[in-house]
Amino acid sequence: MKDTSLDLSRLTAMDGAQATRLLQQIREASLAGDRPPMAPRPVIGASWQRMRRLGVDPDRQRAGRVVLATEELEHRRRTSALAEVMRGVTDGLTGIVDASLQILVVCDDQGRVLWREGNARVLRQADGISLAEGTAWSEQVTGTNAIGTALAARTPVRVHSAEHFVHVLTNWTCAAAPVHDPRDGRLLGAIDVSGPATGFHPSTLALVTSVAKLAESELRERHLRAIERLRSVAAPILCRVRGRALAVDAHGWTAAVTGMAPVDRLPLPRSLRPGRLWLPSLGMCGVEPLPGGWLLTVEEEAPRDAPSRVVLDLSRPRRWSVTVSGAAGSWAQELTPRHAELLYVLATHREGRSAAELAADVFGDPTRTGTVRAEMSRVRRHLAGVLAHRPYRFSEEVGVEVVRPEHPADLLPHSTAPAVADDRVHGGWVDHGIS
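Every letter in the sequence shown is one number past the one before it in the numbering used here, and letter 275, counting from 1, is 275.
Some hints here could point you the wrong way.
Stated by the list, open to error - For each label pair, taking beta carbons as the anchor points, the in silico distance ranges come out as:
#1 ASP127 - GLU299: 57 to 63 Å
#2 GLN49 - SER330: 32 to 38 Å
#3 ARG373 - GLU221: 27 to 33 Å
#4 ARG87 - ARG380: 38 to 44 Å
#5 ARG380 - SER217: 42 to 48 Å
#6 PRO196 - GLN49: 25 to 31 Å
#7 ARG273 - ALA29: 55 to 61 Å
#8 ALA120 - GLU84: 24 to 30 Å
#9 ASP59 - GLY286: 58 to 64 Å
#10 ALA409 - GLN18: 30 to 36 Å
#11 GLY286 - ASP127: 21 to 27 Å
#12 GLN24 - LEU123: 25 to 31 Å
#13 ASP184 - ARG373: 19 to 25 Å
None of these hints come from the bench; they were simulated from the model.
Backbone N, C-alpha and C fix where the C-beta goes; we use that ideal spot for every residue, glycine too.
Construct the complete structure from the given sequences, taking the supplied hints into account.
Here it is as structure tokens:
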């Protein structure tokens, strides 16, 4: 059968005018409900479907719309983890984008432009499409574009010319890569290179992907240095503690322990304060502040009540969480994309799944049991008393609720896991009987 879909290699091989004409034909036919000469690239086609469900107007005259107030923009810049590394990782890129008549854009996880720099003439042109500091470039606001689509799909994306959903952007080309916090996997934002479509460069996507990886690497190095500082502060304190205790940073990464086996990371609630805290893996703990982290002391006499309820929240576009609650209290943890996939599959198969079955569900390959076991080991460390194994499953005595997105197609939109993709198409939560 002849392949009728457009892919990146075909698009790159065409000359600029030919590629532009083809993309315009695909866009016009797709928006009119007609059969296009070729199907759009899968990442673009999936985004266009999201835009239709969201009711984004392809003929709107402006893109980024509402601009943040100066005070709010400065606050987001100060509190963004990207501020720590932006200058170091973008210095070498600025000259390249300037010479190639493009601009560099750094956004937060909501698609808000925090910084931009580059060719002065292109910066003025960018003002005309609201690609300015403080504007919003999420898909919900601006339609299919490299920034918003990279954030939604959690993968590097190039959007060229008429692949943009909103017509006013079809004279532009852009490539963006998401940046994740290596401490907790949280999406921090995206790095983007944009410019007029006539300045299309096939290597731009690889360039921004490398810069995003460099930013993550720099954040990782800074984190390791911070852990070492915390360890030097905590060591003499832990020497005086009787019983089990550990020093962790604000993200739960362990700097030092006493009276217990070391763990790499202890999941913590987002808002932590001095006092007492119930954790599923330890029970009731005393919490005291340390410079750069926290001291947690386990209250040995406190009863360790088994959790009774789990809520898996998959309703938000880019942030998924699991909340565990019981008689002693509740605890919430944001999930990585992979852990969200695994927990969703287990929530839809309460009878349990073997390692081979999970490998087929998530990777489409039942032989990848080693990867599944490693990931499930990490999940079970975070959810002690909730997950059982042999087979992997939620404990029978635990009630499980899945909070779903409004539309089945928005279920974990980044995921290529066969089990998730199938449920996006068929609305599988009804069949599985999830509450």
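Original post:
Hint by hint, which ones does the structure fall short of?
Top reply: Hints 5, 11 contradicted; others consistent.
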